[in-house]
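**Student:** Here is how the chains run, residue by residue.
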Amino acid sequence: MSINGRAYIVGAFEHPTRKAPDKSLAQLHAEVARGALEDAGLAPRDIDGYFCGGDAPGTGPLSLLDYMNLKVRHADSTNVGGSSYILHVGHAAEAIAAGKCDIALITLAGRPRSTGSGKGNLQRTDNPVQPDFPFEQPFGLATVNIYAMCAARHMYEFGTTSEQLAWVKVAASHHAQHNPGAMLREVVTVADVVGSPVIADPLHRLDCCVISDGGGAVIVARPEIARSLKRPLVRVRGAAEAVKHQNAGDIDLTCSAGSFSGPAAFAEAGVGPADIKYVSLYDSFTITVVIQLEDLGFCPRGKGGAFVADGNLISGQGRLPFNTDGGGLCNNHPFNRGGMTKIIEAVRQLRGEAHPAVQVPNCDLALAHGTGGLLGTRHGSATLIMERE
Amino acid sequence: MSLLSESLPFHPEVQEFWNALPQGRFLLRACRACGRAHWYPRAICPHCASSDTEWREASGRGTIYTYSIMRRVSEPFAIAYVTLAEGPTIMTNIVESALEEIAIGKAVAFVVGGRKNGEYLPLFKLV
Ligand SMILES: [Zn+2]
Numbered sequence: 010m011s012i013n014g015r016a017y018i019v020g021a022f023e024h025p026t027r028k029a030p031d032k033s034l035a036q037l038h039a040e041v042a043r044g045a046l047e048d049a050g051l052a053p054r055d056i057d058g059y060f061c062g063g064d065a066p067g068t069g070p071l072s073l074l075d076y077m078n079l080k081v082r083h084a085d086s087t088n089v090g091g092s093s094y095i096l097h098v099g100h101a102a103e104a105i106a107a108g109k110c111d112i113a114l115i116t117l118a119g120r121p122r123s124t125g126s127g128k129g130n131l132q133r134t135d136n137p138v139q140p141d142f143p144f145e146q147p148f149g150l151a152t153v154n155i156y157a158m159c160a161a162r163h164m165y166e167f168g169t170t171s172e173q174l175a176w177v178k179v180a181a182s183h184h185a186q187h188n189p190g191a192m193l194r195e196v197v198t199v200a201d202v203v204g205s206p207v208i209a210d211p212l213h214r215l216d217c218c219v220i221s222d223g224g225g226a227v228i229v230a231r232p233e234i235a236r237s238l239k240r241p242l243v244r245v246r247g248a249a250e251a252v253k254h255q256n257a258g259d260i261d262l263t264c265s266a267g268s269f270s271g272p273a274a275f276a277e278a279g280v281g282p283a284d285i286k287y288v289s290l291y292d293s294f295t296i297t298v299v300i301q302l303e304d305l306g307f308c309p310r311g312k313g314g315a316f317v318a319d320g321n322l323i324s325g326q327g328r329l330p331f332n333t334d335g336g337g338l339c340n341n342h343p344f345n346r347g348g349m350t351k352i353i354e355a356v357r358q359l360r361g362e363a364h365p366a367v368q369v370p371n372c373d374l375a376l377a378h379g380t381g382g383l384l385g386t387r388h389g390s391a392t393l394i395m396e397r398e
Numbered sequence: 150m151s152l153l154s155e156s157l158p159f160h161p162e163v164q165e166f167w168n169a170l171p172q173g174r175f176l177l178r179a180c181r182a183c184g185r186a187h188w189y190p191r192a193i194c195p196h197c198a199s200s201d202t203e204w205r206e207a208s209g210r211g212t213i214y215t216y217s218i219m220r221r222v223s224e225p226f227a228i229a230y231v232t233l234a235e236g237p238t239i240m241t242n243i244v245e246s247a248l249e250e251i252a253i254g255k256a257v258a259f260v261v262g263g264r265k266n267g268e269y270l271p272l273f274k275l276v
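Protein sequence lines correspond, in order, to chains Y and F. Position one of the first sequence corresponds to residue 10 (the numbering used here), numbered consecutively onward. Position one of the second sequence corresponds to residue 150 (the numbering used here), numbered consecutively onward.
It is worth saying that the hints were derived from the structure and are not from the lab. The reader is advised that the hints may include incorrect statements.
Said to hold, decoys possible - The list that follows gives simulated cross-link-like pairs (lysine to any residue, SDA-like), each with its CA atoms no further than 25 Å apart:
#, chain 1, residue 1, chain 2, residue 2
1, Y, Lys312, F, Phe159
2, F, Lys274, Y, Asp261
3, F, Lys274, Y, Met164
4, F, Lys274, Y, Asp259
5, F, Lys255, Y, Thr170
6, Y, Lys28, F, Arg221
7, F, Lys255, Y, Asp201
8, Y, Lys239, Y, Ala106
9, Y, Lys312, Y, Asp201
10, F, Lys255, Y, Phe167
11, Y, Lys109, Y, Arg244
12, F, Lys255, Y, Ala273
13, F, Lys255, Y, Tyr165
14, F, Lys255, Y, Asp261
15, F, Lys255, Y, Ala106
16, F, Lys274, F, Glu250
17, F, Lys255, Y, Arg244
A quick note: this is a predicted structure, and the numbers were derived from the prediction, not measured.
Generate coordinates for the entire structure from the input sequences, incorporating the hints supplied.
**Tutor:** Below, the structure written as structure tokens:
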């Protein structure tokens with residue numbers, strides 16, 4: 010069964026906050042849910058499917074469904090880190106196509122900035138029951154140094170340079186200057202990025218995403234319902250997911266699970282990389298973007314550095330406009346999970362509602378892609394291809 | 150309590166690995182059915198699902214697959230993946246070596262140590 014054309018994204022909302030010391034986590038979830046419902050023109054009683062990730066407090070979806078007083082007939086709390094929400098759109102489309110629900114809500118929220126947790130240079134304190142824990146955590150594994158090891162290997166194998174990685178941040182900053190909500194609105198240069206302090210070789214401070222409170226929500230609905238609403242129609246054309254891990258010790262850090270999810274999503278959508286007008290790419294770090302571009306087939310393997318150079322990701326200048334809200338590098342990375350905001354900006358582009366300075370003309374086909382977990386140990390990738398109807 | 154001592158009670162499967170380290174022995178788990186070593190150690194072979202696995206003493210030789218030096222901490226340190234002569238690539242620290250000398254492809258040798266006092270971890274140094 011294909012989900013191509015079986016579901017539409019009818020509501021999308023990004024929480025305006027970037028720091029929320031006076032709000033509870035559940036409250037943020039309820040606020041983004043309300044925002045997405047208002048955007049769609051729907052009411053809470055219309056929701057009959059709910060999806061959440063590892064940011065949801067409580068056992069899977071139970072506490073938040075209770076808190077928001079939603080009565081659903083389908084729920085899914087698959088957690089693959091920051092890409093979960095992109096994966097959830099695919100799962101929601103599957104559930105809708107199978108008749109398990111009609112209108113699905115997906116929420117993300119978090120407060121890492123207010124609670125002081127989630128800084129990339131701190132030791133990760135994942136669950137000590139994890140089988141990998143004693144063989145990784147004692148070595149000072151953090152988020153930034155594991156991505157740095159991917160970057161170092163990519164540079165070694167393909168000659169990728171720090172200056173090429175810097176272009177990813179430069180492009181994001183060009184977009185963020187037009188976003189009043191962005192945490193970092195200053196346009197930066199390649200020299201600024203490579204001149205910023207090294208956090209973990211070879212990654213600099215400006216190779217890293219922001220840490221923000223906030224969240225977002227999207228609503229996915231069956232076609233008849235989407236057509237009955239007043240918003241522009243954003244159709245789900247293809248979705249796929251994959252997991253990549255250490256392969257029992259036979260590792261390759263130069264590619265991600267996107268090399269599996271990307272081709273599968275393109276096959277379901279019946280389109281190719283050259284057809285895509287806009288991409289939302291997970292940008293936890295600059296290297297994440299470069300590797301995903303290769304995995305998704307936007308450029309040959311090893312050529313991601315050359316592809317992103319010279320402004321090729323800048324809207325209005327380059328071949329492939331990306332993250333026109335400023336992305337996780339400059340705008341927002343709520344709860345250290347960038348998947349939701351990737352969907353939301355792609356929906357804005359397809360609706361023609363991105364900032365005029367970054368809106369891609371005639372943007373009828375967009376892709377959102379995420380890498381959740383850690384690129385250098387184990388992660389889940391999700392690819393979503395959407396079309397404006 | 151270190152992260153390691155906190156987690157080991159949950160992992161009786163690999164207790165022998167950690168018990169051997171203070172004696173300077175580096176054990177790899179390998180499979181008698183398919184012949185392959187794997188990382189990290191498991192009772193069931195992750196290559197072929199055989200339960201006929203055993204501990205084998207590793208050569209302790211390897212090469213750096215990749216690394217990163219954590220700079221924004223009080224004591225900068227090198228985390229790395231090292232590819233062992235026996236095949237598997239493992240996460241570790243490069244120690245007893247000048248940080249600026251560390252490079253991908255360089256040969257390393259096994260040493261026992263830890264970033265914290267009293268911790269016994271499988272680490273590597275440049276040779
Ligand atoms: Zn075997």
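**Student:** A separate judgement is required for each hint: does it hold in the structure or not?
**Tutor:** For each hint, the structure was consulted:
Under the criterion of a C-alpha separation no larger than 25 Å, the hint pairing Lys312(Y) with Phe159(F) is inconsistent with the structure, at around 43 Å. Between Lys274(F) and Asp261(Y) the alpha-carbon distance is near 22 Å, which keeps this suggested pair within the 25 Å criterion. A distance of roughly 23 Å separates the Cα atoms of Lys274(F) and Met164(Y); the hinted pair therefore holds under the 25 Å criterion. For a cut-off of 25 Å, the pair hint linking Lys274(F) to Asp259(Y) stands: about 21 Å separates their Cα positions.
As the CA atoms of Lys255(F) and Thr170(Y) are separated by approximately 20 Å, the hinted pair is consistent with the 25 Å bound. Using a Cα cut-off of 25 Å, the hinted pair Lys28(Y) and Arg221(F) holds, with the two alpha carbons roughly 24 Å apart. A C-alpha spacing of about 31 Å is found between Lys255(F) and Asp201(Y), which places the hinted pair above 25 Å, so the restraint is violated. In summary, the hint linking Lys239(Y) to Ala106(Y) is supported, as the alpha carbons are separated by about 22 Å, within the 25 Å threshold.
With a C-alpha separation of about 23 Å, the suggested pair Lys312(Y) and Asp201(Y) falls inside the 25 Å cut-off, and the hint holds. Between Lys255(F) and Phe167(Y) the alpha-carbon distance is near 18 Å, which keeps this suggested pair within the 25 Å criterion. A threshold of 25 Å between alpha carbons decides the hint, and for Lys109(Y) with Arg244(Y) the separation of about 19 Å falls inside it, so the pair holds. Our distance criterion of 25 Å between C-alpha atoms is broken by Lys255(F) and Ala273(Y), whose separation comes to about 38 Å.
This hinted pair checks out: Lys255(F) and Tyr165(Y) have alpha carbons roughly 12 Å apart, not beyond 25 Å. Our distance criterion of 25 Å between C-alpha atoms is met by Lys255(F) and Asp261(Y), whose separation comes to about 18 Å. As the CA atoms of Lys255(F) and Ala106(Y) are separated by approximately 53 Å, the hinted pair breaks the 25 Å bound. Among the hinted pairs, Lys274(F) with Glu250(F) is consistent with the structure: their alpha-carbon atoms are about 11 Å apart, no more than 25 Å.
Between Lys255(F) and Arg244(Y) the alpha-carbon distance is near 51 Å, which puts this suggested pair outside the 25 Å criterion.
Checked against the numbered hints above, the structure violates hints 1, 7, 12, 15 and 17; every other hint is satisfied.
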